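K.L.:
These are the residues of each chain, in order.
Number of protein chains: 2
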Amino acid sequence: MVRPYLVTGMNITLRQQIERIVSLSNDEFEWVLSHFTEQYFKKHQIIINEGDYVQNDFYVVKGLIKSSHTNPDGKEHVIQFALEDWWITDPQAFHNQTKATLSVNCLEDSKVLSLTLDNKEKLCRELQKMEYFFLKKTTAGYIALQKRILCLISSTATERYYNLLDQYPGLIQRIPKSMLASYLGVSRETLSRLATI
Amino acid sequence: MVRPYLVTGMNITLRQQIERIVSLSNDEFEWVLSHFTEQYFKKHQIIINEGDYVQNDFYVVKGLIKSSHTNPDGKEHVIQFALEDWWITDPQAFHNQTKATLSVNCLEDSKVLSLTLDNKEKLCRELQKMEYFFLKKTTAGYIALQKRILCLISSTATERYYNLLDQYPGLIQRIPKSMLASYLGVSRETLSRLATI
DNA sequence: TTAAATTAGTGATAATTGTCCTTTATTACC
DNA sequence: GGTAATAAAGGACAATTATCACTAATTTAA
Numbered sequence: 001m002v003r004p005y006l007v008t009g010m011n012i013t014l015r016q017q018i019e020r021i022v023s024l025s026n027d028e029f030e031w032v033l034s035h036f037t038e039q040y041f042k043k044h045q046i047i048i049n050e051g052d053y054v055q056n057d058f059y060v061v062k063g064l065i066k067s068s069h070t071n072p073d074g075k076e077h078v079i080q081f082a083l084e085d086w087w088i089t090d091p092q093a094f095h096n097q098t099k100a101t102l103s104v105n106c107l108e109d110s111k112v113l114s115l116t117l118d119n120k121e122k123l124c125r126e127l128q129k130m131e132y133f134f135l136k137k138t139t140a141g142y143i144a145l146q147k148r149i150l151c152l153i154s155s156t157a158t159e160r161y162y163n164l165l166d167q168y169p170g171l172i173q174r175i176p177k178s179m180l181a182s183y184l185g186v187s188r189e190t191l192s193r194l195a196t197i
Numbered sequence: 001m002v003r004p005y006l007v008t009g010m011n012i013t014l015r016q017q018i019e020r021i022v023s024l025s026n027d028e029f030e031w032v033l034s035h036f037t038e039q040y041f042k043k044h045q046i047i048i049n050e051g052d053y054v055q056n057d058f059y060v061v062k063g064l065i066k067s068s069h070t071n072p073d074g075k076e077h078v079i080q081f082a083l084e085d086w087w088i089t090d091p092q093a094f095h096n097q098t099k100a101t102l103s104v105n106c107l108e109d110s111k112v113l114s115l116t117l118d119n120k121e122k123l124c125r126e127l128q129k130m131e132y133f134f135l136k137k138t139t140a141g142y143i144a145l146q147k148r149i150l151c152l153i154s155s156t157a158t159e160r161y162y163n164l165l166d167q168y169p170g171l172i173q174r175i176p177k178s179m180l181a182s183y184l185g186v187s188r189e190t191l192s193r194l195a196t197i
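As given, the protein sequences belong to chains H and W, one line each in that order. So the first sequence is numbered by this note's numbering: it starts at 1 and just counts up by one. So the second sequence is numbered by this note's numbering: it starts at 1 and just counts up by one.
Wrong hints could be hidden among the right ones.
Because identical chains share one entry, a pair is satisfied inside a single copy or across any pair of copies.
[What the hints assert, rightly or not] Lysine-lysine pairs mimicking DSSO-like chemistry, simulated, CA-CA at most 30 Å apart: (1) Lys137 with Lys120; (2) Lys62 with Lys42; (3) Lys75 with Lys62.
Hints in this document: simulated from the structure, not taken from any laboratory. All figures in this text were calculated on a predicted structure; none of them were measured in a lab.
Could you build the full structure based on these sequences and the hints that come with them?
P.N.:
See the structure below:
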């Protein structure tokens, strides 16, 4: 059964992301897509609370979502921002089916495609190309995190800020500077002073 | 063809690591192992130089290896230490077959099992369990790096140091404190003062 | 075995960053 | 449309960390 409006329509970006790594027939993509659930969230809506069990990994179709950890004295530290075409969840809680240590919430009204762990494993088992795709994506993510670590241990706050602006020029218009500061590991006051240099 | 001395002998840890995730018959493990090359390196030996093409991912059988980046003014920043039963390489250069931006060298005489990218992809293609294994390992690595990032953006130097000692109590006996400092993103003088508290 | 290199600790000082505070501007929402 | 909430900037000061310099102990290697 082919549903061309889906293939050529609104989930084109997910298909493109997958096809940058492996090629899929229309039927294969339809089958892949059938393992996802479409969900809509409002700005400020909390998708995952620290302590929750985590049912899904989220592919962002539209909107902006962040993951963060809040320490005992109430300070929030941003782990990740996810714009369109990114994935986000609490990966530890999701993959090990344990309680979340991160919270995930929306900075804008968002549309996502949700994938349960069971469905992810089913995709991998039954279509090896999908396992290859996830391996490549996860490896790319690992490399990106190593770069962020190098930046954190080797660069000044100013360098880290301009590095972020370079990498994601669109981000600064959509995210409050206090959250960029949190992502960079500096106080919002310090970032405010850096940004005026 | 079964070679029991290998199965029960010196590469037992690699088999155990794989079998924590998927189970293998003796023949399967022999076949997997045949894709690796045994190599020996001396202390201070450079395995990968920045600028090199990277042929291998290295599984450490014995010894201690580090990866690091040296910035233009000559300061070295440690990305990773790899003890026995860990993997190490420049992952970006290895997976994309581009020039290394990290250098990899030995802190102790080391024995490794080297895996080329072609052989890794062959393992994944021909024995899906191995692709599942690499996906699980890479996912676990991703989660570990997210934790290190959270530590870097949310903890003081003192907290990061004691956190490292907690996680890897054996490390401090084998690694100069100047390198632990580099890994933690503080100067060796600062670490020296923290450690005496 | 001895000289050279590496490692570690510490003082003095400068630079960076955090914290607390107030003010102003902007945005969200009844 | 008006009030509340959020966001941003910056002053004043404290805390943290880096840098440079020097010494001592330990390890390495010819």
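K.L.:
Give a verdict on every hint.
P.N.:
Going through the hints against the structure:
When the C-alpha separation of Lys137 and Lys120 is checked against a cutoff of 30 Å, the pair qualifies both within a copy, at 13 Å, and between copies, at 16 Å. Taking the shortest Cα distances, Lys62 and Lys42 sit within 30 Å of each other inside one copy (12 Å), while across copies they are farther apart (52 Å). Taking the shortest alpha-carbon separations for Lys75 and Lys62, only the intra-copy value of 28 Å comes in at or below 30 Å, while the best inter-copy value is 41 Å.
The structure agrees with every numbered hint stated previously.
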